[in-house]
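There are 2 protein chains.
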Amino acid sequence: MRANETILMSLDDVRDYARATLTRVGLSPAHVEAVAETMVAGERDGCASHGIYRLLVAAQSVAKGVVVPDAVPVLSRPAPALIRVDGGGGFAQLAFDRGRPHLAEAARTCGIAAMALNNVVHFAALWPEVEALAEDGLVALACTPSHAWVAPAGGTKPVFGTNPIAFGWPRPGGMPFVFDFATSMVARGEIELHRRAGKPVPPDWGHAPDGSATTVAEEVLAGAMRTFGGHKGSALAAMVELIAGPLIGDLTSAESIAKDAGRGGSPIGGELIIAIDPAGFLGAAAAEHLARAEALFASIEEQGARLPGSRRHAARAVSLAEGVHVPRQLIADIDAVTKESR
Amino acid sequence: MRANETILMSLDDVRDYARATLTRVGLSPAHVEAVAETMVAGERDGCASHGIYRLLVAAQSVAKGVVVPDAVPVLSRPAPALIRVDGGGGFAQLAFDRGRPHLAEAARTCGIAAMALNNVVHFAALWPEVEALAEDGLVALACTPSHAWVAPAGGTKPVFGTNPIAFGWPRPGGMPFVFDFATSMVARGEIELHRRAGKPVPPDWGHAPDGSATTVAEEVLAGAMRTFGGHKGSALAAMVELIAGPLIGDLTSAESIAKDAGRGGSPIGGELIIAIDPAGFLGAAAAEHLARAEALFASIEEQGARLPGSRRHAARAVSLAEGVHVPRQLIADIDAVTKESR
Numbered sequence: 001m002r003a004n005e006t007i008l009m010s011l012d013d014v015r016d017y018a019r020a021t022l023t024r025v026g027l028s029p030a031h032v033e034a035v036a037e038t039m040v041a042g043e044r045d046g047c048a049s050h051g052i053y054r055l056l057v058a059a060q061s062v063a064k065g066v067v068v069p070d071a072v073p074v075l076s077r078p079a080p081a082l083i084r085v086d087g088g089g090g091f092a093q094l095a096f097d098r099g100r101p102h103l104a105e106a107a108r109t110c111g112i113a114a115m116a117l118n119n120v121v122h123f124a125a126l127w128p129e130v131e132a133l134a135e136d137g138l139v140a141l142a143c144t145p146s147h148a149w150v151a152p153a154g155g156t157k158p159v160f161g162t163n164p165i166a167f168g169w170p171r172p173g174g175m176p177f178v179f180d181f182a183t184s185m186v187a188r189g190e191i192e193l194h195r196r197a198g199k200p201v202p203p204d205w206g207h208a209p210d211g212s213a214t215t216v217a218e219e220v221l222a223g224a225m226r227t228f229g230g231h232k233g234s235a236l237a238a239m240v241e242l243i244a245g246p247l248i249g250d251l252t253s254a255e256s257i258a259k260d261a262g263r264g265g266s267p268i269g270g271e272l273i274i275a276i277d278p279a280g281f282l283g284a285a286a287a288e289h290l291a292r293a294e295a296l297f298a299s300i301e302e303q304g305a306r307l308p309g310s311r312r313h314a315a316r317a318v319s320l321a322e323g324v325h326v327p328r329q330l331i332a333d334i335d336a337v338t339k340e341s342r
Numbered sequence: 001m002r003a004n005e006t007i008l009m010s011l012d013d014v015r016d017y018a019r020a021t022l023t024r025v026g027l028s029p030a031h032v033e034a035v036a037e038t039m040v041a042g043e044r045d046g047c048a049s050h051g052i053y054r055l056l057v058a059a060q061s062v063a064k065g066v067v068v069p070d071a072v073p074v075l076s077r078p079a080p081a082l083i084r085v086d087g088g089g090g091f092a093q094l095a096f097d098r099g100r101p102h103l104a105e106a107a108r109t110c111g112i113a114a115m116a117l118n119n120v121v122h123f124a125a126l127w128p129e130v131e132a133l134a135e136d137g138l139v140a141l142a143c144t145p146s147h148a149w150v151a152p153a154g155g156t157k158p159v160f161g162t163n164p165i166a167f168g169w170p171r172p173g174g175m176p177f178v179f180d181f182a183t184s185m186v187a188r189g190e191i192e193l194h195r196r197a198g199k200p201v202p203p204d205w206g207h208a209p210d211g212s213a214t215t216v217a218e219e220v221l222a223g224a225m226r227t228f229g230g231h232k233g234s235a236l237a238a239m240v241e242l243i244a245g246p247l248i249g250d251l252t253s254a255e256s257i258a259k260d261a262g263r264g265g266s267p268i269g270g271e272l273i274i275a276i277d278p279a280g281f282l283g284a285a286a287a288e289h290l291a292r293a294e295a296l297f298a299s300i301e302e303q304g305a306r307l308p309g310s311r312r313h314a315a316r317a318v319s320l321a322e323g324v325h326v327p328r329q330l331i332a333d334i335d336a337v338t339k340e341s342r
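As they're listed, the protein sequences go chains A and B. Going by my numbering, the first sequence opens with residue 1, and the numbers climb by one from there. Going by my numbering, the second sequence opens with residue 1, and the numbers climb by one from there.
For the record, the hints were derived by calculation from the structure and aren't laboratory data. Keep in mind that the hints are not guaranteed to be accurate.
Remember, identical chains collapse to one label, so a pair may be satisfied in a single copy or spanning two.
[As the list claims (entries may be wrong)] Result set (SDA-like, lysine to any residue): computed pairs, CA atoms no more than 25 Å apart in a straight line: (1) Lys-64 to Tyr-53; (2) Lys-339 to Val-186; (3) Lys-339 to Pro-69; (4) Lys-157 to Val-68; (5) Lys-157 to Pro-80; (6) Lys-199 to Ala-291; (7) Lys-199 to Gly-230; (8) Lys-64 to Lys-157; (9) Lys-259 to Gln-303; (10) Lys-259 to Gly-230; (11) Lys-259 to Phe-297; (12) Lys-259 to Glu-301; (13) Lys-339 to Pro-101.
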């Protein structure tokens, strides 16, 4: 097998392969379906790191006992505009899927609503979730802590997770405006890639364990990453800890990594999703005002700047028409690991 | 009068002076009271640029017809968790004050609520508002567009305002955790200060009108500022435009500056404030979970990093005990301008 050999798969092939693998690993049918869809979305949008590569992570999470493979999410509504889904230690995707229609209904009834996912394992991006809500016609904001890997601005010791913030905005007749970024300077996977390649990292990515400046990837991984945007990114990272941690009765990133106890598992804890119905403030005038948002997008694109998500959307068009190219070695690795994990 | 001569004023002196001046300028009594309090808060917390200096801005806004000095805010509740305050073209502070108890009540009833301020003139910071809501025991997030001065990442033409995001978190027995930052690289006033001092600005602050790189403050002011944090800050700036603009039926920053038509007035438009009641998700367990947030704050401060707002809080302690030192020249300037403006 050549190192760079790929297999052309349709998205249906990807879905079938992901489902078969997740089933073999031991996930219950409902989790298989929910988790497989996020991997299809990752491959489809050219985010290989969130595609079927994550089958390796899912398999490890089951094998190490990090995730409850057949958890049944339990839904409650503690207040008219609040939805809570206790994921029972399972992957977040199914908890989200179960809560989504209830969140949408609450947002339409109350104008704004929030959903807490509690006691879930996170190993996927947030953009599929805010995109789904935007496709329901809602404005959505989602965030989650992770593991304590990131130092606050002015410090050098890890407190925050990579703490992503994702946002979705419905665009009539088009794909939603969606962004999803880590509040850390870069994704942790970027530093891993530098480590594997033996390449130095830029000096503003992180701190060594002793707090000194470093360009050695291993030292950043063992020490602390930095937030993006200095004290402003650090403030946002703190906000994510608070509103998707204590506010919803769930773990901070420091508590999540302590609970992991060195297993190297995915972050465990909560997620907060806020949804707003544009018809709430605007009523029948919603369409007219959403059209003004289109003028904003045009003023960005007309000067040659890209909208967030535009690369994913371009990749999606190709993937839907032509399928995706998956490294043959990755399939071999996944097959080997998931046969072991039985 | 020596250039650096100051007058020691108690905060009550500041309040009396601000009220007398705003009354002379022509604001109605309700606006006088609301606007004066934000200036007292600015002086008290060592934010001179948001203290009585702003009396000059308020006077200009009235003189140029930018603001309606006796506007009466009109409150409505388009959905159970949505409050709308039409400010009638007046300053935002009174609209906020009128809506605040209704927003708090809606958040307690529904778990989460949002308030739109519409048709208001903005010339003050957002932190006093989220701090007030946090003092009511609520978690609060506020944002507003401004005037189109900031280019999107990857572009060089202004689209966004300085688009601040402010967040407040209640701390039992202490001052709330509060941050408030512009999504532009720096405050516009910083660039003004460099211009007046004839100092170059760092090359990552903005673009010249022709799109080229520049370190000349005048060129950045005439061209475009940059967002903080590259494409991530740019994404957040876009979010603020959307959720505090079209989503609430109000102006984008481009529309606000177009409406200003060269008068040089303060931004006109909307503001969105989201409030969440910690008791909504947590019920009786709220105190226990807020205590876990305190552990997060401790892990930041114990390593020598500062919490956002800590400088303001330190200044506040001094101001409350000893009063504040106000430049005598500033008082003379304000007196001169506000006598003219009668």
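Structure-based check of all given hints:
Only within a single protomer do Lys-64 and Tyr-53 lie at most 25 Å apart by alpha-carbon distance; the minimum there is 18 Å, versus 61 Å between protomers. Taking the shortest Cα distances, Lys-339 and Val-186 never come within 25 Å of each other, neither inside one copy (33 Å) nor across copies (54 Å). Within a single copy, Lys-339 and Pro-69 get their C-alpha atoms as close as 17 Å, which meets the 25 Å cut-off; across copies the closest is 74 Å, which misses it. Taking identical chains as interchangeable, the C-alpha atoms of Lys-157 and Val-68 are never at most 25 Å apart, the minima being 31 Å within one chain and 50 Å between chains.
With identical chains, the CA atoms of Lys-157 and Pro-80 are never at most 25 Å apart, being 40 Å at best within one copy and 43 Å at best between copies. For a Cα distance limit of 25 Å, the shortest separation of Lys-199 from Ala-291 qualifies neither inside one copy, at 46 Å, nor across copies, at 42 Å. When the C-alpha separation of Lys-199 and Gly-230 is checked against a cutoff of 25 Å, the pair qualifies both within a copy, at 24 Å, and between copies, at 23 Å. Taking CA atoms no more than 25 Å apart as the test, Lys-64 paired with Lys-157 passes in neither setting, with 27 Å inside one copy and 51 Å between copies.
In this homomeric assembly, Lys-259 and Gln-303 come within 25 Å of each other (Cα to Cα) only across copies, at 22 Å, whereas the closest approach inside a single copy is 48 Å. Taking CA atoms no more than 25 Å apart as the test, Lys-259 paired with Gly-230 passes in neither setting, with 28 Å inside one copy and 34 Å between copies. Taking the closest pair of Cα atoms, Lys-259 and Phe-297 come within 25 Å of each other only across two copies (20 Å); inside a single copy the shortest separation is 43 Å, beyond that limit. In this assembly of identical chains, the alpha carbons of Lys-259 and Glu-301 lie at most 25 Å apart only when taken from different copies (23 Å versus 45 Å within one copy).
For a Cα distance limit of 25 Å, the shortest separation of Lys-339 from Pro-101 qualifies neither inside one copy, at 36 Å, nor across copies, at 60 Å.
When each numbered hint is compared with the structure, violations occur for hints 2, 4, 5, 6, 8, 10 and 13.
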